[in-house]
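Could you build all of it, start to finish, from the sequences and the hints given here?
Protein chains: 2
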Amino acid sequence: MRRTKAEAEETRNSILSAAERVFFEKGVSTASLDDVAKAAGVTRGAIYWHFSNKTDLFLELYNTVNLPLEDMITREVERPAAEVLCYIEKSAGHWLDELAADEHRQRIFTILLRCPYGDDLLPVLEKQQEVDDRHTVMLDNAFAKAKSEGFLNGNWTPQSATKALRWMMEGLCSDWLLFGRRFDLAAEGKDGLKRLFGSFRQISATAEVPG
Amino acid sequence: MRRTKAEAEETRNSILSAAERVFFEKGVSTASLDDVAKAAGVTRGAIYWHFSNKTDLFLELYNTVNLPLEDMITREVERPAAEVLCYIEKSAGHWLDELAADEHRQRIFTILLRCPYGDDLLPVLEKQQEVDDRHTVMLDNAFAKAKSEGFLNGNWTPQSATKALRWMMEGLCSDWLLFGRRFDLAAEGKDGLKRLFGSFRQISATAEVPG
DNA sequence: GTTTTAACATACGTATCTGTTTGTATAATT
DNA sequence: AATTATACAAACAGATACGTATGTTAAAAC
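Which chain is which? The protein sequence lines are A and B, in order.
With the first letter of the first sequence counted as 1, position 194 gets the number 1323 in the working numbering; the numbers rise by one all the way through.
With the first letter of the second sequence counted as 1, position 122 gets the number 1251 in the working numbering; the numbers rise by one all the way through.
Derived from the structure by calculation, the hints contain no laboratory data.
C-beta: ideal position from N, C-alpha, C; glycine also.
Incorrect hints may appear among the rest.
Stated by the list, open to error - Derived, one-sided and incomplete: chain B residues facing chain A with beta-carbon distance under 8 Å:
#1 Asp-1313
#2 Leu-1314
#3 Glu-1317
#4 Ser-1328
Claimed, not checked - Once the Cα atoms are required to be at most 30 Å apart in a straight line, the calculated DSSO-like pairs of lysine-lysine come out as:
#5 A:Lys-1323 <-> B:Lys-1274
#6 B:Lys-1155 <-> B:Lys-1167
#7 B:Lys-1323 <-> A:Lys-1319
#8 A:Lys-1167 <-> A:Lys-1155
#9 B:Lys-1319 <-> A:Lys-1323
#10 B:Lys-1256 <-> B:Lys-1274
#11 B:Lys-1319 <-> A:Lys-1319
#12 B:Lys-1323 <-> A:Lys-1274
#13 B:Lys-1183 <-> A:Lys-1167
#14 A:Lys-1256 <-> B:Lys-1319
#15 A:Lys-1219 <-> A:Lys-1155
#16 B:Lys-1155 <-> A:Lys-1256
#17 B:Lys-1167 <-> A:Lys-1183
#18 B:Lys-1155 <-> A:Lys-1167
#19 A:Lys-1183 <-> B:Lys-1183
#20 B:Lys-1219 <-> B:Lys-1155
#21 A:Lys-1183 <-> A:Lys-1134
#22 B:Lys-1323 <-> A:Lys-1323
#23 B:Lys-1219 <-> B:Lys-1256
#24 B:Lys-1167 <-> A:Lys-1274
#25 B:Lys-1323 <-> A:Lys-1219
#26 B:Lys-1274 <-> A:Lys-1319
#27 B:Lys-1256 <-> A:Lys-1155
#28 B:Lys-1167 <-> A:Lys-1155
#29 A:Lys-1319 <-> B:Lys-1256
#30 A:Lys-1323 <-> A:Lys-1274
#31 B:Lys-1323 <-> B:Lys-1274
#32 B:Lys-1155 <-> A:Lys-1183
#33 A:Lys-1155 <-> B:Lys-1323
#34 A:Lys-1319 <-> A:Lys-1256
#35 A:Lys-1219 <-> B:Lys-1319
#36 A:Lys-1319 <-> B:Lys-1167
#37 B:Lys-1219 <-> A:Lys-1323
This is the structure we're talking about:
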């Protein structure tokens, strides 16, 4: 029953795809490799041929998803200060649009949120945190640029604005992914973003005099 | 080895306490009843005497935690409108203080966040959502009262303020509980609340005329 | 004081999952 | 065309977890 190289790659992909669905439905720890094998239409032999064990399968699955967070935010610092806030808001909204439209990414994120870390998949968590840290730094810099030229409300520091944005996005997505997605993620999310960024931009009597 | 009623209640409580720690450390699905038994200093026989199975044990553990969310928010509508925002902010801050100080509640919340729902513990999720819904309604009413008398910024509707607050709290707690709690939850949380409520209160040029 | 029964501990049977090993047909190599 | 290595399937062995059944002791009940 030897298959050609292309066929083998197909089965490998079908295993990854099945693992994504099974992990999403049953949870990573409760799902057995036989569940994944049956969902993929193969036996455990195929899985053990392509992957060394369940952890390895999970890590490979995690590597297949390309997190486009950074690409979107990378260059926002180079924008003129007057457009920085607008650009961040648009980026976040666009990120919500993509998540709402991409079931693959929804499943991956849900799996990652519900994943019982602490045992053998520490590398995933560390990589996740590393990405988050870089993301935070970039947002800090962007908000600092807006702040330095008076486009950020006096109530907000760059750091506090970054955290407020992160927490709002995280809470929004947790609410939508972890507890049945019963509302329009993109619409409600962008509405919330609009209001939050409105308060970022709003220059009030208490606003500090810019630099 | 028959114990007195009080002793039996002690072992039951020790089992619940051990389950809380073990579920928190190893995850609900990967933790075995033998793990819990050893952590409690008993055998599985004791667990099966007091509880019918792992799901039942989990549900009983969930019932032990009294969620004081509602009590804090219940009567805020009766406050004078001028104090409503201040009271909600204080309540949320106080809730953060309690979570930061109560390791028991931290573990329960972490377990609930990481729990692979969808199989047999749907009642937990439904109860959680029911509490959340009531909480949302109360917040909506409170913000509506503030709005009706002109204490809520024109950028925010009662519903959008409720959601922003919920998402911020949820993201904050997820960040702290799910990924190692590496920052001061109460301090940073209350700082974020201060700024968010600052934008709630801030009356700008675009604010609508009250009443 | 005897009997009963509560509160467990211990032992058992079974299903399941994992990792490995062996078998095998076929694509690739020569 | 013969050989070899590949891509799996099938079988095997070990561990683990679950639920139950049975045993045991001491507290209650009478």
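Do the hints match the structure? See the list:
Against a cut-off of 8 Å between C-beta atoms, the interface hint on B:Asp-1313 is violated, since the closest Cβ of chain A lies about 12 Å away. Here the hint on B:Leu-1314 is broken, as its CB sits about 12 Å from the closest CB of chain A, past 8 Å. Against a cut-off of 8 Å between C-beta atoms, the interface hint on B:Glu-1317 holds, since the closest Cβ of chain A lies about 7 Å away. A cut of 8 Å between beta carbons decides the hint on B:Ser-1328: the least distance to chain A is about 3 Å, and the hint holds.
Only pairs whose Cα atoms come within 30 Å are accepted, and A:Lys-1323 paired with B:Lys-1274 is accepted, the gap being roughly 23 Å. Restraint check for B:Lys-1155 and B:Lys-1167: satisfied, since their Cα atoms lie roughly 14 Å apart, inside the 30 Å limit. Straight-line distance between C-alpha atoms of B:Lys-1323 and A:Lys-1319 comes to about 22 Å, which keeps the hinted pair within the 30 Å bound. At roughly 14 Å between alpha-carbon atoms, A:Lys-1167 and A:Lys-1155 fall within 30 Å of each other, so this suggested pair holds.
With a CA separation close to 22 Å, the supplied pair B:Lys-1319 and A:Lys-1323 stays within the 30 Å bound. A distance of roughly 27 Å separates the Cα atoms of B:Lys-1256 and B:Lys-1274; the hinted pair therefore holds under the 30 Å criterion. Restraint check: the Cα-Cα separation between B:Lys-1319 and A:Lys-1319 comes to about 24 Å, which is no more than 30 Å; the hinted pair holds. At roughly 23 Å between alpha-carbon atoms, B:Lys-1323 and A:Lys-1274 fall within 30 Å of each other, so this suggested pair holds.
Only pairs whose Cα atoms come within 30 Å are accepted, and B:Lys-1183 paired with A:Lys-1167 is accepted, the gap being roughly 27 Å. Distance hint between A:Lys-1256 and B:Lys-1319 is fulfilled; the C-alpha atoms sit about 29 Å from each other, no more than 30 Å. At most 30 Å may separate the alpha-carbon atoms for a hinted pair to count; A:Lys-1219 and A:Lys-1155 exceed this at roughly 35 Å. Note on B:Lys-1155 and A:Lys-1256: the hinted pairing holds, with a Cα-Cα distance of about 21 Å set against a maximum of 30 Å.
Restraint check for B:Lys-1167 and A:Lys-1183: satisfied, since their Cα atoms lie roughly 27 Å apart, inside the 30 Å limit. A distance of roughly 27 Å separates the Cα atoms of B:Lys-1155 and A:Lys-1167; the hinted pair therefore holds under the 30 Å criterion. For the proposed pair A:Lys-1183 and B:Lys-1183, the alpha carbon gap of about 24 Å is at most 30 Å, so the pair holds. Proposed proximity of B:Lys-1219 and B:Lys-1155 is contradicted: the alpha carbons are some 35 Å apart, above 30 Å.
Straight-line distance between C-alpha atoms of A:Lys-1183 and A:Lys-1134 comes to about 23 Å, which keeps the hinted pair within the 30 Å bound. Proximity of B:Lys-1323 to A:Lys-1323 is assessed by CA-CA distance (about 19 Å); at most 30 Å being required, the pair is judged to hold. Of the pairs offered as hints, the one joining B:Lys-1219 and B:Lys-1256 holds, with about 26 Å between alpha carbons and a cut-off of 30 Å not exceeded. Proposed proximity of B:Lys-1167 and A:Lys-1274 is contradicted: the alpha carbons are some 56 Å apart, above 30 Å.
For the suggested pair B:Lys-1323 and A:Lys-1219, the alpha carbons sit about 25 Å apart, so the restraint of at most 30 Å is met. For a cut-off of 30 Å, the pair hint linking B:Lys-1274 to A:Lys-1319 stands: about 25 Å separates their Cα positions. With a C-alpha separation of about 21 Å, the suggested pair B:Lys-1256 and A:Lys-1155 falls inside the 30 Å cut-off, and the hint holds. Restraint check: the Cα-Cα separation between B:Lys-1167 and A:Lys-1155 comes to about 27 Å, which is no more than 30 Å; the hinted pair holds.
Note on A:Lys-1319 and B:Lys-1256: the hinted pairing holds, with a Cα-Cα distance of about 28 Å set against a maximum of 30 Å. Taking the CA atoms of A:Lys-1323 and A:Lys-1274, the gap is near 20 Å; set against the 30 Å cutoff, the hint holds. The suggested pairing of B:Lys-1323 with B:Lys-1274 holds, with an alpha-carbon distance near 20 Å, which does not exceed 30 Å. Of the pairs offered as hints, the one joining B:Lys-1155 and A:Lys-1183 holds, with about 17 Å between alpha carbons and a cut-off of 30 Å not exceeded.
Straight-line distance between C-alpha atoms of A:Lys-1155 and B:Lys-1323 comes to about 40 Å, which puts the hinted pair past the 30 Å bound. Proposed proximity of A:Lys-1319 and A:Lys-1256 is supported: the alpha carbons are some 28 Å apart, at most 30 Å. A hinted pair counts as satisfied when its Cα atoms are at most 30 Å apart, and A:Lys-1219 with B:Lys-1319 qualifies at roughly 27 Å. Straight-line distance between C-alpha atoms of A:Lys-1319 and B:Lys-1167 comes to about 49 Å, which puts the hinted pair past the 30 Å bound.
A distance of roughly 25 Å separates the Cα atoms of B:Lys-1219 and A:Lys-1323; the hinted pair therefore holds under the 30 Å criterion.
Checked against the numbered hints given earlier, the structure breaks hints 1, 2, 15, 20, 24, 33 and 36 and satisfies all the rest.
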